[in-house]
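Model the full assembly from the supplied sequences, consistent with the hints where possible.
Each protein sequence line maps, in turn, to chains A and B.
If you read the first sequence in full-length UniProt numbering, its first letter stands for residue 1, the second for the next number, and so on.
If you read the second sequence in full-length UniProt numbering, its first letter stands for residue 1, the second for the next number, and so on.
Hints in this document: simulated from the structure, not taken from any laboratory.
Think of the CB as a built atom: it goes at the ideal place given N, C-alpha and C, for glycine as much as any other residue.
You can trust all of the hints, since none of them are fake.
One side only, chain A facing chain B, incomplete, derived with CB under 10 Å: (1) 136; (2) 138; (3) 153; (4) 155; (5) 158; (6) 162; (7) 179; (8) 180; (9) 181; (10) 182; (11) 184.
Capping the alpha-carbon separation at 25 Å, the derived lysine-lysine pairs in DSS-like fashion look like this: (12) 362(A) to 274(A); (13) 294(A) to 315(A); (14) 14(B) to 145(A); (15) 145(A) to 22(B); (16) 412(A) to 384(A); (17) 290(A) to 315(A); (18) 384(A) to 490(A); (19) 130(A) to 22(B); (20) 22(B) to 36(B).
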Amino acid sequence: MDSEDDMHDANDVESVDDDFYSGETAMESDDGDAADYEFIDNDSDEDDDPVSHRSQNYTILNEADIHLRQEDNIKKISSILSISSDEAAILLRHYNWSVSKVNDEWFANEEKVRRIVGLLEESRALPRGKELTCGICFEVYTCDKMSSAACGHPFCVTCWQGYISTAINDGPGCLMLRCPDPSCGAAIGQDMIIKLVSHDDREKYERYFLRSFVEDNRKTKWCPAPGCDYAVDFIVGGGTFDVTCRCSYSFCWNCTEEAHRPVDCDTVSKWIRKNSAESENMNWILANSKPCPKCKRPIEKNQGCMHITCTPPCKFEFCWLCLGAWSDHGERTGGFYACNRYEAAKQEGVYDDTEKRREMAKNSLERYTHFYERWATNQSSRQKALADLQQMQNIHLEKLSDKQCQPESQLKFITEAWLQIVECRRVLKWTYAYGYYLPAHEHAKRQLFEYLQGEAESGLERLHQCAEKELYSYLNVDGPSKDFNEFRMKLAGLTSVTRNYFENLVRALENGLSDVDARGGTSRTGGSRGLGAGSSKNSRNKGAAPPAARSRNIDDSGHWSCEYCTFANVRSANVCQMCQHRR
Amino acid sequence: MTSPSASSRKVLSKIATNRLQKELMEWQVNPPAGFKHKVTDNLQRWVIEVNGAPGTLYANETFQLQVDFPEHYPMEAPQVIFVPPAPLHPHIYSNGHICLDILYDSWSPAMTVSSVCISILSMLSSSTSKQRPADDERYVKNCRNGRSPKETRWWFHDDKV
Ligand SMILES: [Zn+2]
Ligand SMILES: [Zn+2]
Ligand SMILES: [Zn+2]
Ligand SMILES: [Zn+2]
Ligand SMILES: [Zn+2]
Ligand SMILES: [Zn+2]
Ligand SMILES: [Zn+2]
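Set out below in structure tokens:
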């Protein structure tokens, strides 16, 4: 009887798991136990950490870097095509700073490219020693007062200045300036522009030129953080879109929203649109208000009583349920909290449609509110944690080092804990957007999701609590505390445990919760369909850890690593200090 | 950029005045065929009579163009409109605004009133049907309180009518 359900799940896995994250799928999908194996193996803390050890597929550029790259590209093209750097700059700008595109187009049809871009094969000089008429002001000048682009169309210096300065003040179009002669398309090189314009205009022009290298280039974008001047150069293909700028802001290179891994860009944009108040307001009104039967203004009901009085000047008294005049109501219709007329009419099916819509709207609103509140709470919690982290680094660490007689280098575990908290709050926040869009009928996935999210969340709460409250007690003491080392162990342990929980959560969501199928597969052979949340804890405990992982369970210092949460416990403990899981 | 309606009220710069005097002199010696400049002493606004070219849909019809020059002419384009009744043409709105790229984005200071006139006449002559642009009513309504065509964001129709 389950076959149809299973088919359904399998199909959905494919559709959820878009190519954005496909890099991860390959390594996960070899067999059903992959997840358990990964889980136990993680204490090695090496390259398999998907959050922090990913090979970087982007570079942060400051203004000098951008200049350098731009110059570099220009030099490259200029030497490959044997053209001046002015001409190379014009070509590159035209082909959005893609060196390979310029190359391809040029060698496919140089003549055509020259025509499109306005680069003449040979430049024509102004006729020597003659008097010439300027094509703009129509005054006659000697040739030394005239200037022209490669085409030789003569204009006087004043008119050139006016022409170029008007273009610069009109916007970035000045980067594609052509000869003013309407029949001519000759491009105007940077040299000429810079020679002729005022200091202010030159600065504006150079600004546009630099910006163009970032904004017209498909590989680069500005960091969207307010006031940040860094740009990010991104190597498309493979890996995630998450980028952390040198200003410490993390964002998605693809959609430039704040970093939202493991949730995909579509879900994020849907969610953000959802949050824009208007659409929700409509639902709220639909769920909680009805038009006054007399004046038609929407009436909002906020208490239990069905006796409604419309606001002045209308003041019509009516029954919320049947919308009939209250004068027809009273004891005989059921009093203040019910309405027989409504019940009777409902039996006959009169109110079904509107009522059903209202109920649905109400439910969907409640559901949305549930997810939104948690999303927003984690958001503000993250902001707070960021501020706390800053305060920690600026003030508390020094004080703590003083009080506890510890060199600051020994207190790195505190910064690490706070960095982990900030990152986890971000991930957790986005999992609420994910959860909102997880279809209700995907029961197994929902269960797995809620389980993983719940584990991650409670791990994070413990860590946050420890970093916030317990740390404080070591700050406000007179001398070194005896148990500071224990605190260090605990906080570092919680940090690593929480990191593991979140890695699991992220990995599972990026795989479209496809573990459900793997688990489903195992349990189906056992004849039951008890998969997902409740059972996975047990199945993990029993799950055979690969020998390699087992042998590593006790390290040199005699600590044993908890199978479940990887925390390194002291030898004497029989129960994990972090998760109470038995050794 | 200053708005054209404001700049047209500003007096012409010295450069603009010199250039317009030269254009006017050239026009008197060598007027474009089919056009007549109506003499006034206002250098900043020219009124020009246009005669539909023989053998075209507008043969024997006469229209009036009004050309207003901004302070920084010719670096900025002049504002050119037909004085209603404007010719019935797929790129000319009933309020006289003309959808022609050289009057806006493609203006170049090396163009002149005379070259603009020739372009407008050629646009009229190549027309194969006498009708208003599809969005005439909407556009004209949007322009009600004296908006200049230079404030419109034009996207240009196909060159062939
Ligand atoms: Zn000149
Ligand atoms: Zn030229
Ligand atoms: Zn930044
Ligand atoms: Zn994104
Ligand atoms: Zn009312
Ligand atoms: Zn009632
Ligand atoms: Zn444990």
